[in-house]
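2 protein chains.
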Amino acid sequence: MRDVAIIGAGMIPFGRRDEDTLMDMLAYASLKALDDAGLGDKSVDAVYVGNMGGGMLQRQTAIASSLVDRLNLMPAAAETVENGPASGGSAVKNGLLAVASGYYDYVLVVGGEKMREVTGWRATDFVATMTHPQAEYPYGITLPGMAGMFTRLYMEKYGVTREHLLAISLKNQEMGTLNPYAHVEMALDRGGIFDSPHAIVNNPTSADPLHLYDLCPVSDGAAALILCPLEMAKKLAKPPILIAGFGQATDTQTLQERDDPTDLKAVTLAAQKAFEMAKLKPGDIHVAELHDAFTILEIAESEHVGFFKKGEGGKAAAAGKTRLGGQMPINISGGLKARGHPVGATGVAQVVDIVFQLRHELPKNRQVQKAENGLTVNFGGFGNNVLAFVLRRVQS
Amino acid sequence: MRDVAIIGAGMIPFGRRDEDTLMDMLAYASLKALDDAGLGDKSVDAVYVGNMGGGMLQRQTAIASSLVDRLNLMPAAAETVENGPASGGSAVKNGLLAVASGYYDYVLVVGGEKMREVTGWRATDFVATMTHPQAEYPYGITLPGMAGMFTRLYMEKYGVTREHLLAISLKNQEMGTLNPYAHVEMALDRGGIFDSPHAIVNNPTSADPLHLYDLCPVSDGAAALILCPLEMAKKLAKPPILIAGFGQATDTQTLQERDDPTDLKAVTLAAQKAFEMAKLKPGDIHVAELHDAFTILEIAESEHVGFFKKGEGGKAAAAGKTRLGGQMPINISGGLKARGHPVGATGVAQVVDIVFQLRHELPKNRQVQKAENGLTVNFGGFGNNVLAFVLRRVQS
Numbered sequence: 195m196r197d198v199a200i201i202g203a204g205m206i207p208f209g210r211r212d213e214d215t216l217m218d219m220l221a222y223a224s225l226k227a228l229d230d231a232g233l234g235d236k237s238v239d240a241v242y243v244g245n246m247g248g249g250m251l252q253r254q255t256a257i258a259s260s261l262v263d264r265l266n267l268m269p270a271a272a273e274t275v276e277n278g279p280a281s282g283g284s285a286v287k288n289g290l291l292a293v294a295s296g297y298y299d300y301v302l303v304v305g306g307e308k309m310r311e312v313t314g315w316r317a318t319d320f321v322a323t324m325t326h327p328q329a330e331y332p333y334g335i336t337l338p339g340m341a342g343m344f345t346r347l348y349m350e351k352y353g354v355t356r357e358h359l360l361a362i363s364l365k366n367q368e369m370g371t372l373n374p375y376a377h378v379e380m381a382l383d384r385g386g387i388f389d390s391p392h393a394i395v396n397n398p399t400s401a402d403p404l405h406l407y408d409l410c411p412v413s414d415g416a417a418a419l420i421l422c423p424l425e426m427a428k429k430l431a432k433p434p435i436l437i438a439g440f441g442q443a444t445d446t447q448t449l450q451e452r453d454d455p456t457d458l459k460a461v462t463l464a465a466q467k468a469f470e471m472a473k474l475k476p477g478d479i480h481v482a483e484l485h486d487a488f489t490i491l492e493i494a495e496s497e498h499v500g501f502f503k504k505g506e507g508g509k510a511a512a513a514g515k516t517r518l519g520g521q522m523p524i525n526i527s528g529g530l531k532a533r534g535h536p537v538g539a540t541g542v543a544q545v546v547d548i549v550f551q552l553r554h555e556l557p558k559n560r561q562v563q564k565a566e567n568g569l570t571v572n573f574g575g576f577g578n579n580v581l582a583f584v585l586r587r588v589q590s
Numbered sequence: 195m196r197d198v199a200i201i202g203a204g205m206i207p208f209g210r211r212d213e214d215t216l217m218d219m220l221a222y223a224s225l226k227a228l229d230d231a232g233l234g235d236k237s238v239d240a241v242y243v244g245n246m247g248g249g250m251l252q253r254q255t256a257i258a259s260s261l262v263d264r265l266n267l268m269p270a271a272a273e274t275v276e277n278g279p280a281s282g283g284s285a286v287k288n289g290l291l292a293v294a295s296g297y298y299d300y301v302l303v304v305g306g307e308k309m310r311e312v313t314g315w316r317a318t319d320f321v322a323t324m325t326h327p328q329a330e331y332p333y334g335i336t337l338p339g340m341a342g343m344f345t346r347l348y349m350e351k352y353g354v355t356r357e358h359l360l361a362i363s364l365k366n367q368e369m370g371t372l373n374p375y376a377h378v379e380m381a382l383d384r385g386g387i388f389d390s391p392h393a394i395v396n397n398p399t400s401a402d403p404l405h406l407y408d409l410c411p412v413s414d415g416a417a418a419l420i421l422c423p424l425e426m427a428k429k430l431a432k433p434p435i436l437i438a439g440f441g442q443a444t445d446t447q448t449l450q451e452r453d454d455p456t457d458l459k460a461v462t463l464a465a466q467k468a469f470e471m472a473k474l475k476p477g478d479i480h481v482a483e484l485h486d487a488f489t490i491l492e493i494a495e496s497e498h499v500g501f502f503k504k505g506e507g508g509k510a511a512a513a514g515k516t517r518l519g520g521q522m523p524i525n526i527s528g529g530l531k532a533r534g535h536p537v538g539a540t541g542v543a544q545v546v547d548i549v550f551q552l553r554h555e556l557p558k559n560r561q562v563q564k565a566e567n568g569l570t571v572n573f574g575g576f577g578n579n580v581l582a583f584v585l586r587r588v589q590s
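The listed protein sequences derive, respectively, from chains A and B.
Quick note: the first sequence uses this note's numbering, first residue 195, plus one each step.
Quick note: the second sequence uses this note's numbering, first residue 195, plus one each step.
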């Protein structure tokens, strides 16, 4: 396998983008990454698009071919990669392996989703199409419903509390206010005599014990990366970021088939594989983007990847250990909770955010000092298909 | 790049499969390929699913994760690859590059589609979602409509006649009657005093100058392959089939943007790349599966890949040169015209059919004698994203 580096990264602001088509968003993010890579006249050999809902939400298929035309990248190869909310991670993976194989040199990976095409229960139903078609979907189970039941079990087994969950909401939504690409622009507050609209006392139940601010918003957005062999990356102006490790694992589609439904085996395994390939340990990571579609997931994942022992993740978050300046900064971008979760974009956006961190190009209020190694976890289904990437700043 | 071989191939009969879900079909084809590979207890490391319409037709996403669960292949990695009618080819490509990279050893590639979920104009409309979302789809252009206009231009420029097109229909539908996996089970006849229901005189206009029997049917079906490094394949019982060459190219999304709409540049380029990688010439190929979603495409592709000069493909077909025993046997399976075209399955099924040919395991009335090298062309959009594979029987 050739070593593969990231030489370009770009993102457009997530949120409501009523004025843009899905194709517009994919094109804008791609152009930012291409520009960031500074390849000049050099084009890319292949394009991988991470997208889940083009057919269902936009009634549009073969969007990768359409994007190549839009960006005038012909005759570059192109296809769409779909893996539910891990579609972005799967696009990065296939770009990585394609360059690692030696077949392609320069690859564009772009993830995007236009989810606000539908709202309310229709958005929830769209996401629920990833559940089991016989054992789950017909019975009306939704992802928030699953997350609620998972949270209850996790609380019972590991003593996670509502305060622990709120610590995630408060941190991520605060960080979102600092991130120009984030969907959520207002910090939560704890309320008081004159409660603000965003006070946590105005936080209605969504899927007990989860409340509104435990859930990520429904967002539009796109993010993009340019990959190439590390050797070629060394000639460029910006420090290349090595994809030092990659791991992926699947688990049973439904939670009830698992011996212990609180045990996210695919997260553990994907992270282990990524660390093994990178020859690093959890303790070597300086900054991580975890898949906090629900606050409980940031806590559970922080334990399953090995940052904290089981049952310690919630306490660590409440103690500020996962904030900027803490022992293990997590979701400094605001995470899915505040940056937003346009499903096909998320896995790519997580990598983009770590690239920004490892290049040390963020403003002081968001930059993890001396960050050399980063981790991303992109969580598909309810933990039935998980991808982890370990990224490393290459010493020049 | 590591050399990658095909060690397992399987297919289920294409056609109307009302009794099966999409997942059933993907699972059945996968099990046939796994069984064919004879890997024993060895499982696969990764799964690539080629599928276009799971979300739109079955309201089901993340089907690759679901398939891994269904087949109990956890923790194997998995994702779906979508590229319109070339989704199957794109799944094979990503399986190929993943094994070539050295990251995975054993990979399952499976393509499938359950298209008969919708019928009539709804099926045509589903396929039309791959057209340009602003410049084509809103104006009601369909794939048969495009093919009709393309045929008219090709007739004018190269002297292709209705007799040439009928030669393709007659050959492919006759071969379909011999293929147990083909959708179309009845041969066409030229009619007479007592016209049969399948007489070509009972062949109504579909999209002028194309008639009903110039179009592939709307089919359900699935096909699967097992890939592994060539070195590992040599230890197995069946002769390994090397993926000796692969090429892919894109072109403008719409026909009207092309300098010469009859020039299928992406077909030429994809085939050239595949031949170059395989170090073979068109004349070295003994059997080919071309993407005859419309009869004109078999003629046009046979010229663009280099089997015949421009304007000679139709005459060659009418002269029987592309029949079994002819100079260049094409679509001995019956092609899309008779095997059927479940869009996500086709690119995989084409490779499966060539594997059967190169292993010399077909009955005499379908086997190309001493076939050593084969070619497949999987045609996405209207030629805007094309994949070609050159397969080679490895001498033992």
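None of these hints come from the bench; they were simulated from the model.
In this text, all values refer to a predicted model and were calculated from it rather than measured experimentally.
It cannot be assumed that every hint is accurate.
Given that identical chains are not distinguished, each listed pair holds provided it fits within a single copy or across any two copies.
What the hints assert, rightly or not - Mimicking SDA-like on lysine to any residue, the simulated pairs with C-alpha atoms at most 25 Å apart in a straight line are:
1. Lys564 to Tyr352
2. Lys459 to Leu267
3. Lys428 to Asp457
4. Lys504 to Gln466
5. Lys467 to Met195
6. Lys558 to Gly500
7. Lys428 to Tyr331
8. Lys467 to Arg196
9. Lys351 to Asp402
10. Lys467 to Met268
11. Lys351 to Tyr331
12. Lys475 to Leu267
13. Lys351 to Ile335
14. Lys504 to Met268
15. Lys432 to Ala329
16. Lys351 to Pro374
17. Lys467 to Asp239
18. Lys509 to Ala322
Hints and how they fare:
In the homo-oligomer, the alpha carbons of Lys564 and Tyr352 never lie at most 25 Å apart, since the shortest distance is 33 Å inside one protomer and 66 Å across protomers. In this assembly of identical chains, the alpha carbons of Lys459 and Leu267 lie at most 25 Å apart only when taken from different copies (14 Å versus 40 Å within one copy). Taking the shortest alpha-carbon separations for Lys428 and Asp457, neither the intra-copy value of 41 Å nor the inter-copy value of 40 Å comes in at or below 25 Å. Taking the shortest Cα distances, Lys504 and Gln466 sit within 25 Å of each other inside one copy (16 Å), while across copies they are farther apart (55 Å).
Taking the shortest Cα distances, Lys467 and Met195 sit within 25 Å of each other both inside one copy (15 Å) and across copies (22 Å). Taking identical chains as interchangeable, the C-alpha atoms of Lys558 and Gly500 are never at most 25 Å apart, the minima being 27 Å within one chain and 60 Å between chains. For the homomeric pair Lys428 and Tyr331, neither the shortest alpha-carbon distance inside one copy (48 Å) nor that between copies (44 Å) is at most 25 Å. For the homomeric pair Lys467 and Arg196, the shortest alpha-carbon distances inside one copy (17 Å) and between copies (21 Å) are both at most 25 Å.
Taking CA atoms no more than 25 Å apart as the test, Lys351 paired with Asp402 passes inside one copy only; the shortest distance there is 17 Å, against 68 Å between copies. Taking the closest pair of Cα atoms, Lys467 and Met268 come within 25 Å of each other only across two copies (15 Å); inside a single copy the shortest separation is 35 Å, beyond that limit. For the homomeric pair Lys351 and Tyr331, neither the shortest alpha-carbon distance inside one copy (27 Å) nor that between copies (53 Å) is at most 25 Å. Taking CA atoms no more than 25 Å apart as the test, Lys475 paired with Leu267 passes in neither setting, with 39 Å inside one copy and 27 Å between copies.
When the C-alpha separation of Lys351 and Ile335 is checked against a cutoff of 25 Å, the pair qualifies only within one copy, where the shortest distance is 23 Å, while the shortest distance between copies is 58 Å. For a Cα distance limit of 25 Å, the shortest separation of Lys504 from Met268 across copies, 23 Å, qualifies, whereas the shortest one inside one copy, 49 Å, does not. In this assembly of identical chains, the alpha carbons of Lys432 and Ala329 never lie at most 25 Å apart, being 49 Å within a copy and 39 Å across copies at closest. Proximity of Lys351 to Pro374 under the C-alpha cut-off of 25 Å is found in neither arrangement, the shortest distances being 38 Å within a copy and 55 Å between copies.
In the homo-oligomer, the alpha carbons of Lys467 and Asp239 lie at most 25 Å apart only across protomers (13 Å), although the nearest pairing inside one protomer, at 28 Å, exceeds that limit. Taking the shortest alpha-carbon separations for Lys509 and Ala322, neither the intra-copy value of 31 Å nor the inter-copy value of 53 Å comes in at or below 25 Å.
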